[in-house]
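Letter by letter, the chains look like this.
2 protein chains.
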Amino acid sequence: MLQIEPAILQYPDWKGHSFLREEVAKFLSDYCHSPKPLKPKNVVVMNGCGSLFSALAATLCDPEDAILIPSPFYGVITEDVDLYSSVKLHHVPLYSQVVRSDVRPFQLTVEKLENSLKEAKKEGLNIKALILLNPHNPLGEVYSSEEMISFLEFAKMHKLHVLVDEIYMLSVFNKTDTFRSVLSLDGLPDPQRTHIMWGVSKDFAMSGMRVGMVYSENRDLVQALDQLGCFHGVPGPTQYQMAQLLRDRDWLNSEFLPENRQRLREAHSFMTEELKKLDIPFLHRSAGFFIWADLSKYLSEKTFAEELSLWRCFLKHKVLLSCGQAFSCVSPGWFRIIFTDQLHKLKLGLSIAHFHFSSCLLVQLNI
Amino acid sequence: MLQIEPAILQYPDWKGHSFLREEVAKFLSDYCHSPKPLKPKNVVVMNGCGSLFSALAATLCDPEDAILIPSPFYGVITEDVDLYSSVKLHHVPLYSQVVRSDVRPFQLTVEKLENSLKEAKKEGLNIKALILLNPHNPLGEVYSSEEMISFLEFAKMHKLHVLVDEIYMLSVFNKTDTFRSVLSLDGLPDPQRTHIMWGVSKDFAMSGMRVGMVYSENRDLVQALDQLGCFHGVPGPTQYQMAQLLRDRDWLNSEFLPENRQRLREAHSFMTEELKKLDIPFLHRSAGFFIWADLSKYLSEKTFAEELSLWRCFLKHKVLLSCGQAFSCVSPGWFRIIFTDQLHKLKLGLSIAHFHFSSCLLVQLNI
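Same order as they appear, the protein sequences are chains A and Y.
Those letters in the first sequence? Residues 1 to 367, by UniProt numbering.
Those letters in the second sequence? Residues 1 to 367, by UniProt numbering.
In case anyone wonders, no lab produced these hints; they're calculated from the structure.
All figures in this text were calculated on a predicted structure; none of them were measured in a lab.
You may find that some hints are simply not true.
Because identical chains cannot be distinguished in the list, a pair is counted as satisfied if it fits within a single copy or across any two copies.
Straight-line alpha carbon distances no greater than 25 Å define the calculated SDA-like cross-link-like pairs of lysine to any residue that follow [to be verified]:
1. Lys-318 x Asp-13
2. Lys-88 x Asp-226
3. Lys-202 x Tyr-240
4. Lys-276 x Glu-255
5. Lys-318 x Leu-9
6. Lys-39 x Glu-79
7. Lys-156 x Leu-9
8. Lys-156 x Gln-192
9. Lys-316 x Asp-13
10. Lys-118 x Asn-174
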C-alpha cells in the first residue's frame, strides 16, 4: 500500500493527482448512482472538507458576504468559512415544535429558506450561497429527492451557489432512510452553481487522513480552487493510498460497508432503546453517527444558560455530549449524542449520565 | 515505514502529532546547533511552508498590512501571504551594481532595510514583519551571523516580526559558505517576534510530501496557528513517516546528506564551468539548487520586456529558466538557472540555449 515513486514526491497538480481524480470520479459515479459517468476534470481534492469550505468561501464570496445555512448545523463550518475569509453564515432557523401534523420537527422547507433570505437582505447582507448537509449533522435527516430539488430550485431562482455536503452518504444504515445523492439527479437545476462535497473522514472513519473532495462543473471555480490548492495539498503517497482504497470495490462492498452499517445499526439500536427507557425524546433517523435528543426536561429553566450548565455537569462526570448551542440550535435543551463507540463505553456513559441526572438538576437548582 | 494505528487516523492535534513535534525539536536542535534543546511545544507542523506563510500572514497581520522582503526573492511568497489574507509584500530592492569594493552585488544591509521601512511608512503602509530567506532563493546567499543579528536587531528596534525561512539549510554544499541557523544564536534579540521555518520540500527533495514547520517561542502565535491548523493538516500516517525519517540520523548523516551535497557540488561545478565558458556573469554561491546569472548581454535593450522575450525564446526551444521578474528583481536580465538535474539534461539544455542565443537575439531585434 505504501508507494513512493519520484513523481508523487514532486509538486503535484494542486487539484489532486490525475490518478486520484480519475478514481474519485469513478467512485462517485458508482456510489452516487450518477446517470452518466462523472468527469475527473470536475474533481478537486484537498486535505479535508474543512479546507474545501474555506477555499469555497474564499472563491465564491467577498469578505463580509454571507452564506445561508439551516440551523442546527455542524458548528465547525462557522469557523471554516470565516477564519480566513471573513464570510458569515446566516442561519435558517428550524424549530423543534411541530405546528402541523404533516411536518417533521426541524423540517427544512423552501418557505423557511425564502423567509431567511428576505430577512438577510433586509439586514443588508449579500447572500452568495446556501449550504445543505445531506445526510444532516446533527439531525441525521436524509432529504428526499423532491425536497432536495425544491431547495436547488430555490437557489437557482435567487442565483445562489449551493454547497451540498454529503460526507455521511455511505453511513445510512437502515433501508427506511433512502439517501439520494445530488449527483444521482437527472440534470441539476443549476449545474454551474451546484457543488458536491464528500470525504473519507466519516464514511471511512479516517478523519486523520485529511482527504476531502468537491465535484463541480464550474470551470472558473475549479480554476480558482486550483490557485488555493497549494495551501491544502495532500501528500502524494496519501493520494496513492486513497486511490487504492477507492478502487478496492470488492473489499468495500462485501466487507467494509456491510460490516460498518451493521455496527452502526446495532449501536444506534442500543442507544435508542436506552433513550426510550429514560423517556427522552429524540429524532429517529438512520444516518450518521449521532442521535439528536431532547434533554430539556432536565433543564430547570428552558434557557441556553441552563443547557450549558447541564453540558458542564455531564463533562464534570466525564460524559462528553455536544449541546445544541454548538450547532446554533434555536430551541434550548437539545443534545447530540454520539453512538458510534464501543458498547462498554456507551453503557458506562449512559449509566453515569443516568445516575447524575438528578444531581445535575440539583446543581442547577442550586440546592 | 507505513504505520496505520487507530490514533493516527483520528483528528490530530492541529499543530502536529506530539510524536512528530518532539522529533522535529530534536532534529532542529541537532542540525541547527541550538545552544539548548529546542522545545516540542514551540513547533507547529503544517502541510508545507506555503501554508505556513499563509497562516503566519493571517495571524500576524490585518488585511492590507504589509511585510518587508528584500528583492529578488522566491516569488511564490507573494501569493502565499496575499491569496487568503490580502497581505502585501513591500520590497527592499537589492541592486546588481556594486558601488563600493566592500559590498557584494545584491547585498542586503540594515541601511537598505531602514530606507525601505521609511518609504513604506511614507506610503501609509503598516509594516508588521520582515521575511528573510537564508540560504537565499534565488541568490544562493548565506548570511553571516553578524549580518543576521544586525537584521534581527533592526526588526527588534521597529517591533517587527521576522520570518526566517531556512528551507535550504541542509543544502549548503561547499565549506566556503558556512550556514548558521538563527536557532544556533546564543539568545535571539527578540525571541517573541522571531519565527523560524523549515520543511522537507527542498533539503529532502520531497515537495510532494507537503510537510513544513515553524519554530516560535511566541505562545499566542502558536495558539493562533493551532486555530488555522485545521486547514493545513498533514495526514497521520505521513506524520509517522516523517518522524521516522527525521529520527534516522545514521542514514541521514552517513548516506543521504553527504551524497546529496556531493551531487549538488558536482552539478553546480559543471554548470558554473559552462557559464564561464559562455562568459556569462553569475553569483558564485554554494547553497540551494540554482545559480543567479546575468544574461543581460543577450538583451537587445536592458528592459523587462526584453527579458520576458528572452524567457519566451528559451521556452519555445524547451529550455525553462525563471526570469528575474518572477523574483521581483529590479535589474533586468538576471535569470535563475536550476542546476539540480541529471547531467544529460543539463548538457542538452545548455547546448540548446547556446545554439539559440544568437537566434533569440535576432528574434528580439526583429531581424
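Quiz item: When no copy is named, should Lys-276 and Glu-255 be tagged within, between, both, or neither for a Cα gap of at most 25 Å?
Solution: The answer is neither: 32 Å in one copy and 65 Å across copies each exceed 25 Å.
Quiz item: Using 25 Å as the alpha-carbon threshold, which applies to Lys-118 and Asn-174: within, between, both, or neither?
Solution: Answer is neither: 37 Å inside a copy and 68 Å across each miss the 25 Å cutoff.
Practice problem: Tell me, please, which holds for Lys-316 and Asp-13 at an alpha-carbon limit of 25 Å: within, between, both or neither? | Solution: Close across copies (23 Å), not inside one copy (48 Å); limit 25 Å.
Quiz prompt | 25 Å Cα threshold - placement of Asp-13 relative to Lys-318 | solution = Close across copies (21 Å), not inside one copy (45 Å); limit 25 Å.
Practice problem: Pop the pair Lys-88 and Asp-226 into one bin, within, between, both or neither, using alpha-carbon distances up to 25 Å. | Solution: Answer is both; intra-copy 23 Å and inter-copy 21 Å each pass.
Quiz item: Which holds for Lys-202 with Tyr-240 at a C-alpha limit of 25 Å: within a copy, between copies, both or neither?
Solution: both (20 Å within a copy, 21 Å between copies)
Practice problem: Indicate which option fits the pair Lys-318, Leu-9 if close means a Cα-Cα distance not exceeding 25 Å: within, between, both or neither. | Solution: Cα proximity of Lys-318 and Leu-9: across copies only (23 Å, versus 44 Å in one copy).
Quiz item: Quick one: Lys-156 to Leu-9, C-alpha cut-off 25 Å, is that within a copy, between copies, both, or neither?
Solution: Intra 42 Å, inter 38 Å, cutoff 25 Å: neither.
Quiz prompt | Within, between, both or neither, where Lys-156 and Gln-192 count as close if Cα-Cα is 25 Å or less | solution = within (10 Å within a copy, 51 Å between copies)
Self-check item: Lys-39 and Glu-79: within-copy, between-copy, both or neither at 25 Å Cα
Solution: neither (31 Å within a copy, 29 Å between copies)
When held up to the earlier numbered hints, the structure conflicts with 4, 6, 7 and 10 and fits the remainder.
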